[in-house]
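Participant: Residue numbers (the numbering used here), protein chains in the order written: chain A, 15 to 372; chain B, 14 to 439.
Hints may be right or wrong, so weigh each one.
[Unchecked claim] Derived lysine-lysine pairs resembling BS3-like cross-links, with alpha carbons at most 27 Å apart:
hint : chain 1 : residue 1 : chain 2 : residue 2
1    : A       : K42       : B       : K315
2    : B       : K256      : B       : K315
3    : A       : K242      : B       : K433
4    : B       : K432      : A       : K244
5    : B       : K108      : B       : K256
I should point out that these hints are in silico values taken from the structure, not numbers from a laboratory.
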Amino acid sequence: MKAINKIVDWINERYDLSPVIYLLKHKKVPAHRHSVWYYMGGVTLFLFIVQLITGILLLMYYRPGEESAYESVKFIITEVKFGWLIRNVHSWSANLLILFAFLHMFSVFFSKAYEKPRELTWVTGFIILLFAFAFGFSGYLLPWNELAFFATKVGTDIVGVVPIIGEPLKTLLRGGEDVTGATLSRFFGLHVAILPALFFSFLAIHLFFVQKQGMHEPEEFKNLPEEKKKYIPFFPDFALKDLLLWVIIFNVLIFLALYFPWELGNKADAFAAAPKGIRPEWYFMFMFQTLKFIPSHVLFIEGELLGILGFAVAGILWMLVPFFKFKKKTNRKIQPLTIIGIIAVAFIIIMTLLGYIL
Amino acid sequence: MKKNILFFIVIIFELLVLSDFDIMAQNKDDNSKWIKQDQCYKCHKDNGNLPADYSQNDIHRKLLCSSCHGGNPNAADMDVAMDPSKGFKGVPAKKDIPKFCGSCHSNIEIMRTYQPRIATDQEMQYYTSMHGKKLMSGDNNVAQCASCHTAHNILPVKDPRATVYKLNVPATCNKCHGNADLMAKYKLPHNVLDQYTKSVHGVALFEKNDTGAPACNDCHGNHGAMPPGISSISRVCGTCHVKNMEYFDLSAMQKSFEKKGFHGCEQCHNNHAISKPSDEMLGVSGNSKCITCHKPGDAGYKTAAALRNYIDDLNKNYDLANTKLAEVKQKGMNDIDIGFLLQDAKQNIIQTRTKMHTFDSTKVGESFKDGMEISNKAIFYADREISEYSSRRTGFAAATFIILIFIFALFLKIRERGKKKEEINF
Chain A
15 MKAINKIVDW INERYDLSPV IYLLKHKKVP AHRHSVWYYM GGVTLFLFIV
65 QLITGILLLM YYRPGEESAY ESVKFIITEV KFGWLIRNVH SWSANLLILF
115 AFLHMFSVFF SKAYEKPREL TWVTGFIILL FAFAFGFSGY LLPWNELAFF
165 ATKVGTDIVG VVPIIGEPLK TLLRGGEDVT GATLSRFFGL HVAILPALFF
215 SFLAIHLFFV QKQGMHEPEE FKNLPEEKKK YIPFFPDFAL KDLLLWVIIF
265 NVLIFLALYF PWELGNKADA FAAAPKGIRP EWYFMFMFQT LKFIPSHVLF
315 IEGELLGILG FAVAGILWML VPFFKFKKKT NRKIQPLTII GIIAVAFIII
365 MTLLGYIL
Chain B
14 MKKNILFFIV IIFELLVLSD FDIMAQNKDD NSKWIKQDQC YKCHKDNGNL
64 PADYSQNDIH RKLLCSSCHG GNPNAADMDV AMDPSKGFKG VPAKKDIPKF
114 CGSCHSNIEI MRTYQPRIAT DQEMQYYTSM HGKKLMSGDN NVAQCASCHT
164 AHNILPVKDP RATVYKLNVP ATCNKCHGNA DLMAKYKLPH NVLDQYTKSV
214 HGVALFEKND TGAPACNDCH GNHGAMPPGI SSISRVCGTC HVKNMEYFDL
264 SAMQKSFEKK GFHGCEQCHN NHAISKPSDE MLGVSGNSKC ITCHKPGDAG
314 YKTAAALRNY IDDLNKNYDL ANTKLAEVKQ KGMNDIDIGF LLQDAKQNII
364 QTRTKMHTFD STKVGESFKD GMEISNKAIF YADREISEYS SRRTGFAAAT
414 FIILIFIFAL FLKIRERGKK KEEINF
């Protein structure tokens with residue numbers, strides 16, 4: 015302990031750590047019956063760290079290219095020591111990351127934590143979620159297997175529906191007319207260089223905002239008399255609980271990786287017939303299923319286009335929610351915006367389930 | 014001017030010499046039009062005496078009746094149309110049929126205008142066949158062209174409706190060869206089709222519609238049909254079973270067979286009733302073919318026992334590897350290399366079975382050694398994967414145990430801090 019103190023003193027003497035020490039000593043977390051939701055962001059961050067580490071490890075053996083991608087992933091899961099574990103943890107962690115990001119986002123939404131002064135924390139968080147989607151979409155193709163190949167084909171086809179910019183954007187994404195080795199190369203570049211850079215930047219801003227403004231206090235907590243407001247210190251109490259949850263999640267991750275490994279399937283073949291059961295990853299399923307439900311033409315607009323524009327507009331509105339002024343209806347127990355949130359959650363859950371059932 | 018004269022000569026030549034073909038050529042695309050103008054067809058149809066097997070699907074439908082039978086297709090008067098002095102041939106005698114068909118089919122100049130790749134030696138082949146020889150010696154019971162191909166419903170060999178289409182050949186031959194009275198005259202069996210139908214070849218042809226399987230003509234020839242002789246029988250089988258023939262020809266067994274006048278392949282495998290070969294045919298027990306000649310104590314008897322042991326051991330090891338592969342698959346472990354090895358092991362068993370035709374335990378032993386090595390390697394890989402499966406679970410249990418201790422310690426620490434301060438009021 016003395017040695018650590020000595021090192022801290024040595025650094026402090028040179029770089030003045032007092033703001034950090036002050037933050038650690040004084041940061042507090044409100045304790046109330048909804049405190050559990052405070053942990054969702056932390057778990058998402060932990061899963062991102064897992065992604066980062068396992069991703070770097072996979073990069074040691076992964077070789078992008080039509081002739082090498084599938085083979086290298088196969089090599090990783092069959093020949094490399096613990097390669098199967100790293101790849102499966104990476105796949106599972108990616109999915110759990112999106113799940114916890116959703117939980118984090120909706121908990122923030124329902125507790126109205128996005129309200130002034132945390133508008134930009136919400137916006138950066140939403141942008142981070144979009145980057146996570148992009149990570150998922152680009153990473154899905156990297157093993158270059160049949161399902162991923164055709165799912166990417168369908169996914170990028172959807173982009174092509176957007177008027178004017180759709181086709182050029184599709185070509186830009188695919189690196190040509192079709193999904194080929196060129197698509198794989200640019201998805202790889204996107205997945206390991208461009209997206210991490212963007213993700214990191216926004217994550218840094220997001221975390222900075224969170225530290226700067228502290229934890230949000232829900233309405234009912236704020237209205238408590240000062241003596242009844244309870245807090246726990248962020249360090250070490252909250253941090254210890256965070257760590258506890260992270261360790262449990264880590265154990266769950268290796269359990270999933272061992273007992274429910276992700277199948278590699280067959281190598282992608284552009285000339286083969288599309289296999290049965292092509293579907294996007296679960297977090298895109300609600301959008302995919304909605305597009306399937308919309309008729310081919312609604313009035314004069316193409317159904318698919320209408321769906322995409324609908325989701326784009328809904329996404330933008332969702333991102334800008336903190337900037338809309340909603341009058342509080344005191345006579346209502348559930349506020350209209352909360353009802354919108356509940357509808358959004360129900361819509362996502364129902365459409366996702368229908369996607370798997372139908 | 015020179016061109017015009019040449020053109021005129023060609024026209025006259027065509028009118029005089031190739032009048033039949035000319036009519037046919039003019040009406041190439043519309044069969045019904047020209048046939049209605051043909052007086053032979055017109056009268057025979059009106060009188061209701063068209064040949065019983067007459068079909069407008071016949072490959073020769075673009076020819077006139079007179080192209081084969083002679084006569085004048087333009088004359089409405091029967092005496093003029095069927096005047097023998099003007100070349101009318103009428104219905105040919107059975108003995109003359111090969112020549113009758115051969116007038117075109119043996120003529121390369123004519124045939125290549127229809128089918129450039131068609132053979133024109135069928136007539137010559139026929140004369141060398143048993144059918145041809147008998148026909149020439151005056152036996153009208155034997156098959157000639159029309160017996161197999163029909164007279165007026167001749168279809169290309171690749172047409173599934175044709176009597177000579179691969180799947181129909183056995184039934185076509187059986188029209189005569191299944192006739193007990195007729196076959197009795199030649200001291201030939203009449204149940205060949207029954208035997209063939211149950212054989213491995215017949216099952217492949219009839220049940221699996223495998224047109225690669227041999228029908229009668231693949232072993233006996235078609236136009237030059239002959240039963241294969243003792244010396245040629247292994248060559249007949251060897252056209253498909255190349256390696257088996259090669260090994261047998263070089264074996265000591267072949268020489269012994271020759272001395273004893275045995276029929277090569279047929280001796281063990283039968284001829285028409287060839288059943289699917291099995292390992293039971295080898296060895297010194299049960300249904301073994303070896304013990305029909307070899308007796309305990311002789312060298313062949315020992316070799317037979319050794320050969321059977323080799324193949325039994327190979328099978329056992331292959332089955333064991335396969336069971337282990339199933340376990341590896343069921344456990345969701347890496348089965349790729351094991352699968353490839355087992356493909357090789359299967360191939361080795363097939364090759365070893367083929368090598369049995371050397372009847373040499375040293376040569377078969379080499380193949381056996383290779384096969385055992387492959388399946389042992391597959392078993393080794395499978396065991397490794399199965400043990401890896403267990404060690405992963407053990408590893409997970411150990412990791413979980415350590416993590417649980419850590420979780421418990423964290424929990425105690427958190428509880429301790431909570432007790433110390435309760436919740437702090439800042």
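Participant: All hints are to be evaluated individually against the structure, with a verdict given for each.
Facilitator: Structure-based check of all given hints:
1. A hinted pair counts as satisfied when its Cα atoms are at most 27 Å apart, and K42/A with K315/B does not qualify at roughly 91 Å.
2. About 24 Å separates the Cα atoms of K256/B and K315/B, which keeps this hinted pair within 27 Å; it holds.
3. Of the supplied pair hints, the one linking K242/A and K433/B holds, its CA atoms being roughly 19 Å apart against a limit of 27 Å.
4. Taken as a hint, the K432/B and K244/A pair is honoured in the structure, with Cα atoms around 15 Å apart against an allowance of 27 Å.
5. Of the supplied pair hints, the one linking K108/B and K256/B is violated, its CA atoms being roughly 42 Å apart against a limit of 27 Å.
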